[in-house]
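*Asks:* This is what each chain is made of:
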Amino acid sequence: MSEILKIITRFIHQSVVEVGSVLLFVFKVIKTAATTRGNLRPIVQQISYVSFRSLPTVAFAGIFVGAIMVLQFNVILVQYNAEVFLGGLNTSAVVREIGPLIISFLLAGKIGAYTAAELGTMRVTEQIDAIECLGTNPIQYLIVPRFFGIVISSLILLLLGVMISVVGSMFVAKVLCGINPLQFLNAIPRFTNYWTLAGSSFKSMVYGTIVASVACHRGYTASGGARGVGKAVTLSAVFINLYIVIADYFTTDIVSTLIELGHHWMNGGEN
Amino acid sequence: MIRFENVTKSFGPKTILKNVSFEVSTGEILFILGKSGMGKSVTLKHIVGVMKPDSGKIYVDGKDVTSMSDLQLESVRSTCGMVFQHPALLDSLNVYQNVSFGLRTPQFNHAMKRTLNEEEIKTRVLEKLSLVNLGPEILERMPPEISYGMQKRVSLARTLAPGPSYLLFDEPTTGLDPITTNAVNDLIFELSRKLKVTSVVVSHDMACALKIADRILVLDQAGILAIGTVSEIKRSSEALIQDFLSETLALLPPEERAK
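Chains W and L, in that order, are what the protein sequence lines are. Just so you know, we're using the numbering used here here: the first sequence kicks off at 1 and counts up by one. Just so you know, we're using the numbering used here here: the second sequence kicks off at 1001 and counts up by one.
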């Protein structure tokens, strides 16, 4: 029993230390970005790099996830003779939940792992020390562009991913379920509005921040040669996915409350 | 001048340096010798503030680097050039961009009181590459496209480009052929004698140390085993130093051994 308690205590301690060190790292990155000049160009370059690299994967995932949702929803909606709601339900699910989540997992697997490996290799081969010794701040030179590049790209990819998914879903709904594309599109505003999209964007930015901060932190602090780089990549993937799932619960709660408040406010305080 | 005062550094339970104190005078070449894991590279990284000691002070030009902020350290680093154990070239930049990296920093421009134009940068890059026996044909090559020995020489050229007052070498000749090794040793010697550049060289190579060092410092068991001129070190009765010497002297020709 005491052994189990020790393991649990150690796990909690490690998690607190990990979260604390990532938060301190993020604070340092934001402070560096705010107090130094010439960051815009490398950030824009990084955004285009991350977005273009991830877009094909996001597009494929968007089309297939949309198609899966159409098939799943259609099975239930047919039973209630409510196929007219297919477009709305499908888009709502993609915008509210599946889109931000899938895109952040794809970003974690592709860009997060790449960033952790690249920075980790630079750390263990003393490239980061060399940058520092040549009078350049490595946080500004290496981390600031990557961090903001990933965060902003997550938002761009969400918007593109959702659009591609809707188009793909519409096509699948027409071919496999016989739903008219116009009927599909008309149902969307009944389940989704600007508030939903704003909430989804917020979620995507939070997950993008998690991917960027954990990947950059793990890579930047890697040590111990090739094995250390491997460990940094593995741990960054594990922690990113874990944090995203935890963050999903809280952001869903926050976004739902905000959307409700938004509706309440738009309806002039009437219930 | 570089001065270490009672510097202690531990990694977890293992103490690497314990109350280490020594000085390096301007224009001097100090070799730091010792077995692997004795804190030679750690000592070097403390000078430029890449590592901070647990206790003790380190002075560069009379300024305590242990209490400096990152911003203050940048000005100290602009006077120091460090050649790492690995070539440490930036993989995403070609040879020209790597060697010119230090010539584009705000600290360098501030020290020069102006920004160098591209023509001046190129002239300086080519000049430093020729010092390490490399020509303009490799300027556009990426680091993975050149051999390890060439990467080390490019790394040395990159360090020399901003014209530092202090040169810190972490095993500069490891992985180099004998001809380039000699060229690098001659270069360290010339920079020290002609330009009064202070050099601290971490090495396993006792032969190089005997050839060009003004003084030799031997680290062992987290402390200084011996420090002195070449002749003082040669006379030392310490077993580790005798081991180093006997291994080295056995490889030297008889006329060199007699010196």
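Calculated directly from the structure, the hints in this document are not laboratory data. Certain hints may be false.
What the hints assert, rightly or not - Partial pick of chain L residues on the chain W-facing surface, computed with a CB cut under 8 Å:
#1 ILE1016
#2 ASP1070
#3 CYS1080
#4 PHE1084
#5 ALA1088
#6 GLN1097
#7 PHE1101
#8 GLN1107
#9 PHE1108
#10 MET1112
Just so it is clear, CB atoms sit at the ideal spot from N, CA and C, and this is done for glycine as well.
*Asks:* Now, for every hint given, state plainly whether the structure supports it.
*Replies:* Checked hints:
The restraint placing ILE1016 of chain L at the interface with chain W is violated, with a minimum CB-CB distance near 14 Å, outside the 8 Å limit. With a cut of 8 Å, the hint placing ASP1070 of chain L at the interface with chain W holds, because the nearest CB-to-CB distance is about 7 Å. Taking 8 Å as the C-beta contact cut-off toward chain W, the hint placing CYS1080 of chain L at the interface holds, the least distance being around 7 Å. Interface hint at PHE1084 of chain L: satisfied, since its Cβ lies 4 Å from the closest Cβ of chain W, which is below the 8 Å cut-off.
A distance limit of 8 Å between C-beta atoms decides the matter here; for ALA1088 of chain L the minimum to chain W is near 4 Å, and the interface restraint holds. A cut of 8 Å between beta carbons decides the hint on GLN1097 of chain L: the least distance to chain W is about 12 Å, and the hint is violated. For the restraint placing PHE1101 of chain L at the interface with chain W, the shortest Cβ-Cβ distance is roughly 6 Å, inside the 8 Å limit, so the hint holds. Given hint, GLN1107 of chain L at the interface with chain W, holds; its Cβ is 4 Å from that chain's nearest Cβ, closer than 8 Å.
Against a cut-off of 8 Å between C-beta atoms, the interface hint on PHE1108 of chain L holds, since the closest Cβ of chain W lies about 7 Å away. The restraint placing MET1112 of chain L at the interface with chain W is violated, with a minimum CB-CB distance near 12 Å, outside the 8 Å limit.
Of the numbered hints listed earlier, those contradicted by the structure are 1, 6, 10.
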